[in-house]
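Chemist: Sequence:
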Amino acid sequence: MRYPKGADKRRGAILVVVILLLAIMSVLVPLMVVFTQREAKWTVKGDQNMTAFHLAEAGIEKGFRVLTASTNTWYNLVEDGTGITDFKWDHRFEDVVAGYYAVGISSGPEAYQATVVSIGREAGSNEVRAIKAIFAQNHTDTAIQSMAGITVGGGVDVEWGAVVGNAYTNSGGRTSPQFHSSAGLDVDNNAAPENCDQPDCCQWHAFSQDIPPDPKIDLGFYRSSAAASTCDTPPAPNLPASPVGSCYFNTVQAWSSFDYSEGGTVMVENNLTIGSPGVDIKGNLIVTGNMSSNTGGFGKGSVTMKVPENAWKQYCNNWAHYLSEFSSDAAWDAAHPAFPGLNFGYTSPSNMTYGPTPNGKFAVQGFVYIGGTFSTGGGAGNTYIYGNMFCKGSVNIDASSGVTVFYNKESAQSMRSLRVVLTRVHWQDMIREWPSGL
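Using the numbering used here, the letters of the sequence shown correspond one by one to residues 3 to 440.
Simulated from the structure, these hints should not be mistaken for lab results. For clarity, every value in this text was computed on a predicted model and none was experimentally measured. Certain hints may be false.
Claimed, not checked - Subject to a maximum C-alpha distance of 25 Å in a straight line, what follows is the list of computed BS3-like cross-link-like pairs (lysine-lysine):
#, residue 1, residue 2
1, 64, 90
2, 90, 134
3, 218, 134
4, 284, 64
Between the sequences and the hints, there should be enough to build the whole structure, so can you do that?
Modeler: What follows is the structure in structure tokens.
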């Protein structure tokens, strides 16, 4: 049988194609098998890696719980550097399936902060992941917190720290500092919670779910501190302390003049009324009853204050005020004439200081606790407080009074409470080896 002319050439070409396809398949098929096998291994390794990560997360949670379980544990760590048993890379936790984890807790990097590092290890492969978290005692830089509402009206100013209310808060329409309320705010026109200023939510939050609960100030600690402190010069009029010579007063007090400069605690276990020329307390002032003044000017101390490095965050709607009053960073001012945003990584120079004009008007330089209400009245005048204030009752300051609270971060951080309320301020994935010996 004869084939058409050219058929042999076509059959040869087809044969070449078939041979090439077979050659390609002989290469691709093994590669596909290898890739499939490796993909399976990668999937298994990814699962093991994720398991180790979740184990490390469990360690962070364990560290958080031990920090908040006891105020003694917290203060011993952040004030004295005392380590916590089982959290010094000295114990392997095996309370979760698929592996184990170890945790190290140390104080810092800043005052009243704790660093928790957790390393998780998957049991089958020994895959390791590590996480670091930093917890701080205060949820925000709070200058004034009241459990029964706040009215910031009249001549009241709050600088460098937020105003936090656990009830309705009246900001007086102010554009600084930040205001946080678990109930309504006077600037909130939206009936449906949760609300904040738009578009950036940088200055006020109404019906906020992030307001910390009552920290339950440790009055026993401050009571002991006041009884152990020395107030050689009694307040005028002379209403003696108990014991005599201490800074603990267990009767109603009405002071026209009082000076204390030792940095400890002055405590009134009752109501306190302050008159003119006023008080100069360099330390904590604890009043379990109501605190009031019959004059607008009830402070007579002087101080040059340290401006907190993050104070600028309180002025997102009042940036010009911050730049004109508190900033001394000329390069920053020139580069950022408008507000930079809350999440910007900037911190102002640590050596920035500020002294108000006129000075000589400070009543307290430290933590102020008021178990009842805080009110002023009786005439015009200027008074400054350099610290932070916690008020169980309401805060009401007469329109004719000029009271300014300058937030003191160190004062707020050292506030002693019966309940440790921590906020995570930093989190990062990191590379760490599993501790030897565990």
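Chemist: Please go over all the hints and tell whether each is borne out by the structure.
Modeler: Tested hints:
1. 64 / 90: holds (13 Å)
2. 90 / 134: holds (14 Å)
3. 218 / 134: Roughly 29 Å between the alpha carbons, so the hint for residue 218 and residue 134 is violated.
4. 284 / 64: Status violated; Cα separation ~39 Å.
Checked against the numbered hints given earlier, the structure breaks hints 3 and 4 and satisfies all the rest.
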